[in-house]
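A.B. asks: Heads up: the sequence lines are chains A and B, in that order. The letter at position 71 of the first sequence is residue 91 when you use my numbering, and the numbering goes up by one with no holes. The letter at position 19 of the second sequence is residue 1328 when you use my numbering, and the numbering goes up by one with no holes.
No lab work stands behind these hints: they were computed from the structure.
DSBU-like mimics (lysine-lysine), calculated; alpha carbons at most 30 Å apart, straight line: (1) A:Lys263 - B:Lys1512; (2) B:Lys1443 - A:Lys263; (3) B:Lys1413 - A:Lys263; (4) A:Lys259 - B:Lys1458; (5) B:Lys1407 - B:Lys1443.
Each chain, written out:
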Amino acid sequence: MSLFDFDWGLIWDNRGALINGMWTALSVSTVALLISTVVGLLLAVLRNGPRSVSWIAVGYINVFRGVPALVSVIWVYFGLSLVLGISFSVFQAGVIALSMLYSAFLAEIFRSALTAVPHGHTEAGWALGMRTSQIFFSVSLPQAIKIALPNIGSMYIGMVKDTSTFTVIGLLEVVRVTQNLVATTFQPFVLYTAAAIIYVIAAFAIDLVFRLVEGVYVRPPKALLGRAIRARQRRNIDKIVAKTRASSLATAQLFVK
Amino acid sequence: MSTRVDEMRPAGGNAVKTPIVQIRGLHKSFGQTEVLHGINLDIHQGEHVVLFGPSGSGKSTVLRSINLLEEPTKGSLKVDGVEYGPGFADENLKRGTKLQLRRKVGMVFQQFNLFPHLCALDNVALPQRKAQGKSMSDAREHAAEALRKVGLLERAGHYPSELSGGQQQRVAIARALALDPDVILFDEPTSALDPELVGEVLKSMREVAETGMTIVVVTHEFGFAREIGDLNVFMENGRIVESGPRGFYDNCTTERAKEFLKAVK
Ligand SMILES: Nc1ncnc2c1ncn2[C@@H]1O[C@H](COP(=O)(O)OP(=O)(O)OP(=O)(O)O)[C@@H](O)[C@H]1O
Ligand SMILES: [Mg+2]
Chain A
21 MSLFDFDWGL IWDNRGALIN GMWTALSVST VALLISTVVG LLLAVLRNGP
71 RSVSWIAVGY INVFRGVPAL VSVIWVYFGL SLVLGISFSV FQAGVIALSM
121 LYSAFLAEIF RSALTAVPHG HTEAGWALGM RTSQIFFSVS LPQAIKIALP
171 NIGSMYIGMV KDTSTFTVIG LLEVVRVTQN LVATTFQPFV LYTAAAIIYV
221 IAAFAIDLVF RLVEGVYVRP PKALLGRAIR ARQRRNIDKI VAKTRASSLA
271 TAQLFVK
Chain B
1310 MSTRVDEMRP AGGNAVKTPI VQIRGLHKSF GQTEVLHGIN LDIHQGEHVV
1360 LFGPSGSGKS TVLRSINLLE EPTKGSLKVD GVEYGPGFAD ENLKRGTKLQ
1410 LRRKVGMVFQ QFNLFPHLCA LDNVALPQRK AQGKSMSDAR EHAAEALRKV
1460 GLLERAGHYP SELSGGQQQR VAIARALALD PDVILFDEPT SALDPELVGE
1510 VLKSMREVAE TGMTIVVVTH EFGFAREIGD LNVFMENGRI VESGPRGFYD
1560 NCTTERAKEF LKAVK
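Start from the sequences, fold in the hints, and give me the full structure.
C.D. replies: Structure (structure tokens):
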């Protein structure tokens, strides 16, 4: 049997369903990424805090980064919902499962990124009369985010791949869509090849997006996007500089006269 | 120990000024090791104080105690008559918080510590917005004025990575100045610089001194110290060994200070 004997046209015929599957996977992952970013950051701060609170973060991180996504989602969808008496939708269960796991990973990423910001910057902030919280948000965090971005991108790709296990709870993501198509067409080789390709394309796209965002954080702004975002600020600064220059020249002339 | 002129004036006389910074019996330990063993120091309005001495003698620790980057283990630190240290049990003084203290005392570090994600102008503007609650445009205008004073107005939009060490340190000076502090502390401000960049930073510091700003500086630049030092303090092993007014570098009396000055010449 040669490669040409397969019905490759099936991929094109079912592109809508496959893309919808990826769309679902990306939606679940994106919501979970946002939640994990916030929770991960909180855990990272807790983790760097005094012993009396850091053990909570240490415990959480060590437990949840060891749980596989498949186990996590079954636990949430069939277990947690029973205990809490809430029936989660498959989408919600997927988001909760991913958020639980990836908060732990992101906590570690943020912790090391925050540690990489020189302590001298915090000291300078203190010496300048800023509050610790102000220093965190205006000085440490922006620098830490830039350091963390490439790793956050990898985590996001990992999340999208992990959604493939959510087929067990019936989430209509790429694998579930593929399974459904295989059941009617009996072409697993073709369709799973398509599934693989779609994951790879998604990973490339995510990587590209994160590179662009990273470019925005580069100082001085180099990438086109970064420069475009800074353009207004740049004009504002030039205006203030010109004004100060003019007023100092005026004062200088006053003295000459 | 040489005596300061105004201490010789009769107590209660009009000429007696209360010091803006008054340090009494200040001790500091890191864990079990005590590194400052009772420091007494008065700093008056407009005075330029030079701290010098061998490495590890506690100069930075004294300086960093004045804005509570290091918290004294024992003793009194008064600024403008308000107690910020542990104080003494028998005293019942007005106490201030760290934040209040740091809004009166500026500091310039050896390593500049500019915020690398902000341009020079915003490095100077940020603390004004956060510590003084100024609006972005007010803070930036005031920042531009501060940068002009250190000769860096034309570099306002540059990021720290685009500035030389000397320029970065001058931005750091502008950043501290822009908050209108009562006292400004310099911890070896030129020690991290290439020799050819030292001059421009000293020039900016000299200009700050000429405005009548109260200054405390730790430095190994003895030419500069001779020039600006109204009060010169020699430290060793966590103690002030000797201090004196202008001309101190030629007139010090203790063997230790003489030896040290001879060695660094
Ligand atoms: N955070 C710290 N933890 C423990 N010991 C410290 C700490 N900071 C300073 N020390 C110790 O305190 C003593 C005084 O240090 P300090 O930095 O004040 O000296 P210095 O006079 O500024 O020296 P240098 O000229 O090298 O800067 C030294 O013995 C130093 O090892
Ligand atoms: Mg030092």
